[in-house]
Every structure is written in structure tokens, then in C-alpha cells.
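Q: Chain by chain, the residues:
There are 2 protein chains.
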Amino acid sequence: MKNLEAQPCLIARSLSLVGDAWSMLILRDAHSGLTRFDQFRRSLGIVPTMLTKRLAALTQDGLLETRRYNDRPPRDEYVLTQSGRDYLPVLLAIQGWGQAHCNASDVTRFLDDETGIEIEPVMIDKHTGAPIGTRAIRITA
Amino acid sequence: MKNLEAQPCLIARSLSLVGDAWSMLILRDAHSGLTRFDQFRRSLGIVPTMLTKRLAALTQDGLLETRRYNDRPPRDEYVLTQSGRDYLPVLLAIQGWGQAHCNASDVTRFLDDETGIEIEPVMIDKHTGAPIGTRAIRITA
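Same order as they appear, the protein sequences are chains A and B. Take any residue in the first sequence, note its place counting from 1, add 3, and you have its number in the numbering used here. Take any residue in the second sequence, note its place counting from 1, add 3, and you have its number in the numbering used here.
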């Protein structure tokens, strides 16, 4: 999609970098520990040329970085950068919406590793502490 | 993208309904008060056939509903349902990622209407109160 990065809106600019389901699912898999091309390919059932393209874009845009894990033949794996790690709240927000509005039977669940309780993602405003959607928002240019 | 709705993952199932930049930007515009076809078209610079398709899908999937605003000729506008309103945390999470990782100059800002302070979206786990990413997560089938 063209020109999104030039829009005066951070949502549009963000979507110009990560704005399709494949890219988001690659980031999901990277957060669950996958790093190698074949792992992503099997997990996603994605056409290899498409996966190559998406991994290259996520690397160029700074969400993933390559790490050499084999010298002969040369093989790189893909690991999350800080920017990629910071994408986790987006994935959890999508998960949270799905909990309420998709068929939630037979799905993987995200548990707090220490308490074992399923994570219930809530987006709050750091300043007021109030959940997003409970207070009026004003949008300014 | 096919078969996402059959994956045992709510992120995939959610992305099978809202999984492209146009749909997310339509929801962004709906949250900022736009309701009519021509408003979305002007805001997004989207090809009309594409906009028609996306609005129909979001309506069929229950994030938007149509409301008749003119009888002769018949004209419908598109308003958020509860499901569509619940999508706001996803948009704010994307906005929050953009604040940290995109060019944030000359952008629209989301202010708390009462305090006038820019919203800083933070995703927390309702049970622990901890920001997502600060505690270990376990994924279970």
C-alpha cells in the first residue's frame, strides 16, 4: 500500500511497516520462539517466496535481525529486535479482541508463566490509568 | 488469506476478519467519527470498489452495521457495533508502537479529552497488573 508512511497518523505509518496478516503472524511466531525459515514456513503454511519477502521487509524495517547460525553452508536465523519485541502489545490486543469476538474454542492460550492464569490483556492510558474506550478521546492535528 | 479462521490461535482467527491495513484504517476513521462512504473514500484515498468490499466485509463480520440516513435515494451509513468499538485497543496498540518506532513528527495525536494530555497506551494483564512484556508468558494448546 503506497503513501501510508506519509500520512499524518502513526497508525497509518505503523501499518506501512507491519500492515498485513502474514507479517503479524511471523511476529507472533517469533515471539513464541521460532527463528528459522523452515520453522516459520511450517508454522504458517506460507509460500516460500512470500515468506522470504516478508522476512526481508521485517528485517529491513528493523523488527527482526539476522544471526548467522551456520557457516558452511551460510544460514541465518531471524531474531526479534527491541522494535520487534515492542510489537507484543499489538499482538495481545488482537488476541484480546479475538477472545471477545471470535470462536474461542480449541485455541492456544497465553498464561502468565508464574501464576498460570490466562492473560487478559487490557489497554490503559498510562497517565489516567483508565482502560482505553472508557474516557473520551480528542484527536488533534 | 485462507484457513486462518481454522487455526487454533485467536490472533490468526482475528486476522481472518480484520487482517489488512485498509480494514484497520476504516475502523480508525469510524472511531474518529466518519460514517459515510464518501467520507471514508476521501480520508483514505481508496479505490471505491476496494472500499465497497472492505465495508461489506466489516459489516458481515459484525464490526460495522448499516444505518439508513436517506430514503430517496436510499443511502446507508456505517456505524461501529460493540465489536467494532472493542477494536480500539488494537488501534491504540499500533499507535503506541508507532510512537516508539516510526517517524513521529507532524502526526495527529490522541489526547484524553478531559486532561488534554496525550494518551500513552500501555497493555497490561488485568490479573497481575503488569505491562505485557515484563513477565514471562507460557503458551498452551
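In case anyone wonders, no lab produced these hints; they're calculated from the structure. Check the hints yourself; a few may be wrong.
Okay, the calculated beta carbon distance ranges per label pair [what the hints assert, rightly or not]:
# : chain 1 : residue 1 : chain 2 : residue 2 : range
1 : A       : E8        : B       : Q63       : 29 to 39 Å
2 : B       : R45       : A       : R138      : 46 to 56 Å
3 : A       : A9        : B       : E123      : 19 to 29 Å
4 : B       : T69       : A       : R71       : 49 to 59 Å
5 : A       : H130      : B       : I140      : 23 to 33 Å
6 : A       : G132      : B       : T55       : 38 to 48 Å
7 : A       : P134      : B       : S35       : 16 to 26 Å
8 : A       : R138      : B       : T131      : 35 to 45 Å
This structure is a prediction, so every number in the text was calculated from the model and none was measured. All residues carry an ideal CB built from backbone N, CA and C; glycine is no exception.
Q: Hint by hint, note whether the structure agrees.
A: Hints, verified against the model:
1. A:E8 with B:Q63: 29 to 39 Å: At roughly 30 Å between Cβ atoms, B:Q63 and A:E8 fall inside 29 to 39 Å, so the hint holds.
2. B:R45 with A:R138: 46 to 56 Å: 29 Å, violated
3. A:A9 with B:E123: 19 to 29 Å: 24 Å, holds
4. B:T69 with A:R71: 49 to 59 Å: About 54 Å separates the Cβ atoms of B:T69 and A:R71, which means 49 to 59 Å holds.
5. A:H130 with B:I140: 23 to 33 Å: At roughly 26 Å between Cβ atoms, B:I140 and A:H130 fall inside 23 to 33 Å, so the hint holds.
6. A:G132 with B:T55: 38 to 48 Å: 41 Å, holds
7. A:P134 with B:S35: 16 to 26 Å: 19 Å, holds
8. A:R138 with B:T131: 35 to 45 Å: Violated: the Cβ-Cβ distance is about 23 Å, outside 35 to 45 Å.
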